[in-house]
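Produce the complete structure using the sequences and hints provided.
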Amino acid sequence: MATITLKDVQKTYGGNVDAIRGVSLAIADGEFIVLVGPSGCGKSTLLRMIAGLESITSGDIAIGDRVVNTLEPSERDIAMVFQNYALYPHMTVRQNLAYGLKNRNTPKDEIERRIAKAAKSLEIEAFLERKPRQLSGGQRQRVAMGRAIVREPVAFLFDEPLSNLDAKLRVQMRVEIKQLQRTLGTTSVYVTHDQLEAMTLADRLVVLNGGRIEQVGTPIELYERPATSFVATFIGSPSMNLLEIKGGSSDWSAPPAFVNQPGTASLGIRPEDIGLADGSTDNNHFRARVRVGAVELVGAESYVHGSLASGAPLVFRVAGRSRIGIDDEVEVFARPESLHGFDAAGRRL
Amino acid sequence: MQRVVFPNKILPYVLVAPQIVLTIVFFFWPASQALYQSVMREDPFGLKSGFVGLANFSAVLSDESYLNSLKVTVIFSASTALLSMGLALLLATAADRVVRGQTFYRTLLIWPYAVAPAVAGMLWLFMFNPAMGTFAYILRRNGFYWDPLLNGNHAMVLIVVAAAWKQISYNFLFFVAGLQAIPKSLIEAAAIDGARGTRRFWTIVFPLLAPTTFFLLVVNTVYAFFDTFGIIHSVTGGGPAKATETLVYKVYNDGFVNLNLGSSAAQSVILMAIVVALTAFQFRFVERRVHYG
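Here the protein sequences line up with chains X and S, keeping their order.
Taking my numbering, the leading residue of the first sequence gets 1, the next gets one more, and so forth.
Taking my numbering, the leading residue of the second sequence gets 350, the next gets one more, and so forth.
For the record, the hints were derived by calculation from the structure and aren't laboratory data.
Treat the hints loosely; a few may be bogus.
To be verified - In silico BS3-like links for lysine-lysine, alpha-carbon gap of 25 Å or less:
(1) X/Lys168 / X/Lys178
(2) S/Lys420 / S/Lys591
(3) X/Lys120 / X/Lys178
(4) X/Lys120 / X/Lys102
(5) X/Lys131 / S/Lys533
(6) X/Lys102 / S/Lys533
If you want it as structure tokens, here you go:
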């Protein structure tokens, strides 16, 4: 168990391509941190730098109170779960689990004990003698987890470990990973591009964009108080509506306190915070007339995709099956406390 | 296997005909001739020949010089295959680490493959000829009495090195391709698992290269058996004192130089049987231990 501290970490490829532009982050002991962001944001690079698979251009990475900048991956006492699992195809499951321990000269009976324990908790005892290619995707995933667990490292690193699984299995494994991490209490860093996975797994989320941290916080903090318009649109599905404020708008109205605040450039409203107006008028509400373009029924709720008179798109949620038809014009509203204002640089006001 | 049904009855036969014709003309016909010759004996003037049953075979197999030739072949083939594959693997792993100029480095290493066996042989002969070879001179000056023309072991070393040198390029290409086919994440996983340098190589990389290694083992064995005739012919001519006379060379020597066609044919039949048996053995026993990804 250990903390992981990143101090102004930078990574530059070939002298001019900046992959990571100064990331500082303190990960507490036993914390589950999820790095999330669009592809190319540097999240995998950052994880690989913690693992020691990529060199650090400048800055410091410390695991516990040891600066590990130049240490070999094997000396950092971390374990990593890869996207393609990276199981050794020529070894049985048992040999895969034992490999890392053998390399560290762990006594034989200790290896046996740890494998038995890990196999039991992951329910992979039945295929310990099989080769990886004889396993299904979900089973391989468990073995990859097992290989990390038996090492009893100070930290787990996960590099999009669920992206090769089908949707149902992904949800199941997500829950299992979370439970396992909670039981073991091992510091974990998890990389994903799937914001739903990020929200459900993380103790704290780190949203990365273009090699920089946009925001760090608990999932609920990020959801309720996104620090930037990037985080606002990245977290949540469907993503937050962003309406540009240009002088006075004719096709929607918002609380004057909001629109008139100096510097406000855009207004964010989550689809789930918008409702159909019931006829009453309240100056303090956001209001707009929307022409419906499409209605998506996703089960318990529907998402209505429409556009304002100016052509700006607006998505909102209606509970249950909606009676709204395409090309209908409807009046919608949102409460003032659910509005998010951003300045021209995308910072929260 | 997928079954393909052709609507036309004749077309499939036309399509395979070129391959069949080639095989018949260049394999089955000569092979059957060899089988026929191996049970015949020519009279000294080549006027008539008569059936002698298996007499040629029993003569060959009880001939001490044939058994010597068998021993020479085993030593030569095993050393050539091991040396060329070992060096190729070493160069390939080195090339795999080169970041810049990899293509250039690889191109340089592929060149020897384009050199004809006889030319390769001459090259090495010139370099190591005791009378005029540069390297032979260096060896002698340093107190090593190098003479492949008189010392059988030296001659053997020389043809092994020449034959292996020519095959390194070929093996190198396959090893490089094999190394590149190993997923990078496996190497990284091994690095995190604490396996470094040689340990990582022997426990992860080498086992994953096994399909390539096995394929090359078969190819190199066949190469050492058959395709090295040119090198032996130009460098040592089977000498000194038959120290480098391999089975193939003896077939040539007995048949075309000594004109003992019956014995030569019997030898080539035995040789064919040996190679078939060896390849079958490799597939039966070695391949079992090979893991195909």
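Each hint, compared with the structure:
| no. | hint | result |
| --- | --- | --- |
| 1 | X/Lys168 / X/Lys178 | 16 Å, holds |
| 2 | S/Lys420 / S/Lys591 | 11 Å, holds |
| 3 | X/Lys120 / X/Lys178 | 17 Å, holds |
| 4 | X/Lys120 / X/Lys102 | 20 Å, holds |
| 5 | X/Lys131 / S/Lys533 | 20 Å, holds |
| 6 | X/Lys102 / S/Lys533 | 22 Å, holds |
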